[in-house]
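Chemist: Using the sequences and the hints given, assemble the complete structure.
This note's numbering applies: residue 1 is where the sequence shown begins, and numbers increase by one.
The hints are simulated quantities; they were obtained by calculation from the structure and are not laboratory data.
It is possible that part of the hints are untrue.
[Unchecked claim] Derived Cβ-Cβ restraints for the label pairs, each shown as a range: (1) Lys53 <-> Lys112: 16 to 26 Å; (2) Asn67 <-> Asp191: 33 to 43 Å; (3) Tyr77 <-> Gly103: 21 to 31 Å; (4) Gln192 <-> Ser84: 34 to 44 Å; (5) Glu217 <-> Lys112: 23 to 33 Å; (6) Asn169 <-> Gly51: 30 to 40 Å; (7) Ala165 <-> Val15: 39 to 49 Å; (8) Asp168 <-> Ile49: 44 to 54 Å; (9) Gly182 <-> Asp5: 40 to 50 Å; (10) Tyr77 <-> Trp183: 17 to 27 Å.
Cβ coordinates follow ideal geometry from the N, Cα and C atoms, glycine included.
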Amino acid sequence: MIDTDNPKKYKIKSVDSITHDTSAFKFELAEGESLDFLPGDHMMMSAEIEGGKHQRPYTPSSTPDDNGYFEIIIKRYENGLMSSYVHEKSVGDEVILQGPTKGGHFNQGMAKRIGMVAGGAGVTPFISIVRTAIRRNWEVDMTLLFANKSAEDIILKDEFDKYAAEHDNFKIVHTIDEEEEGWNGHVGHIDQDMLKANLPEPGSDTLIFLCGPPMMEFQLRKAVLALGYDKKQLVIP
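Modeler: The structure is reproduced here in C-alpha cells:
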C-alpha cells in the first residue's frame, strides 16, 4: 500500500479525455500495489512553474481496490497554473505527488445515508466514494446533486446515470445553468428547495458532503444548516 509523507515522482500511465476541458490521468504503481487511502482523501501535487513553486490538492477518483495505478481527474482552468501544467504532460512523463492525506473521506459505517452536493470539478471527491461503495456493496444510501454550467461540462455523466439506473441505493440529480435543447434535467443553481427535496433527512445516521467553488460552498453550507442539519453532519473535503 502506497502512502508517503514525502514528495514522490509518479509516471503517467494513460490520459483519457472526460469532457472538453477535463481528463483522467492514471499514474503508474508497481504491479500489485495500491494507494493507501479512503475515498475522498487527497494527494498534493507540486511543481515549479514559471520560476515559482506551486502546490495543489487533487482527489483520487480511483478506488482503494485498484492495483497497479491510481487515477486523478483534473479540469483545466484558463488561468490555472497547475491544471495547465498537468494537461501539458503526456504518457511517460512524471509528476510529483505527496500523500494521500486523510480528511473529507467516507468509509463504511460512518453513516447510513449520505448526500453529496457538487459544483463542476467539485465532484471529484465523490467519484471514488460512489465507485467504492458500489463495488464493495456498502449498505449506504447515496444521493448526488451535481451542478454544471452546461451539459457538455458534466464529468462522468454516463457513468453516474448508469449507477443510478442499476443500483437502488444511488440517486443522482443533474442541474445546469440554462435551458438546452434535449436537456431533461433541472435548470438553475442548487437552492434550498432542491436540497430539501433531494437530500436525506437530518439525523444521526446522515452525512452531507459539499464541494465546489468557494462561494457556492459558502451558500450551500448556509442553506443546509437552515434545513436543520447539525454542523457535525457536514463534511467539506
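Chemist: Run every hint past the structure and note whether it holds.
Modeler: Now for the hints, and whether the structure bears them out:
1. Lys53 <-> Lys112: 16 to 26 Å: Given range 16 to 26 Å: violated, Cβ gap about 43 Å.
2. Asn67 <-> Asp191: 33 to 43 Å: 42 Å, holds
3. Tyr77 <-> Gly103: 21 to 31 Å: The hinted range 21 to 31 Å holds for Tyr77 and Gly103, with Cβ atoms some 23 Å apart.
4. Gln192 <-> Ser84: 34 to 44 Å: 36 Å, holds
5. Glu217 <-> Lys112: 23 to 33 Å: Check passed, 24 Å falls within 23 to 33 Å.
6. Asn169 <-> Gly51: 30 to 40 Å: Because 49 Å falls outside the window, the suggested range is violated.
7. Ala165 <-> Val15: 39 to 49 Å: 28 Å, violated
8. Asp168 <-> Ile49: 44 to 54 Å: Since the Cβ atoms of Asp168 and Ile49 sit about 46 Å apart, the hinted range of 44 to 54 Å holds.
9. Gly182 <-> Asp5: 40 to 50 Å: Holds, since Gly182 and Asp5 (Cβ atoms, about 49 Å apart) stay within the stated range.
10. Tyr77 <-> Trp183: 17 to 27 Å: 24 Å Cβ-Cβ, so the 17 to 27 Å window holds.
Checked against the numbered hints given earlier, the structure breaks hints 1, 6 and 7 and satisfies all the rest.
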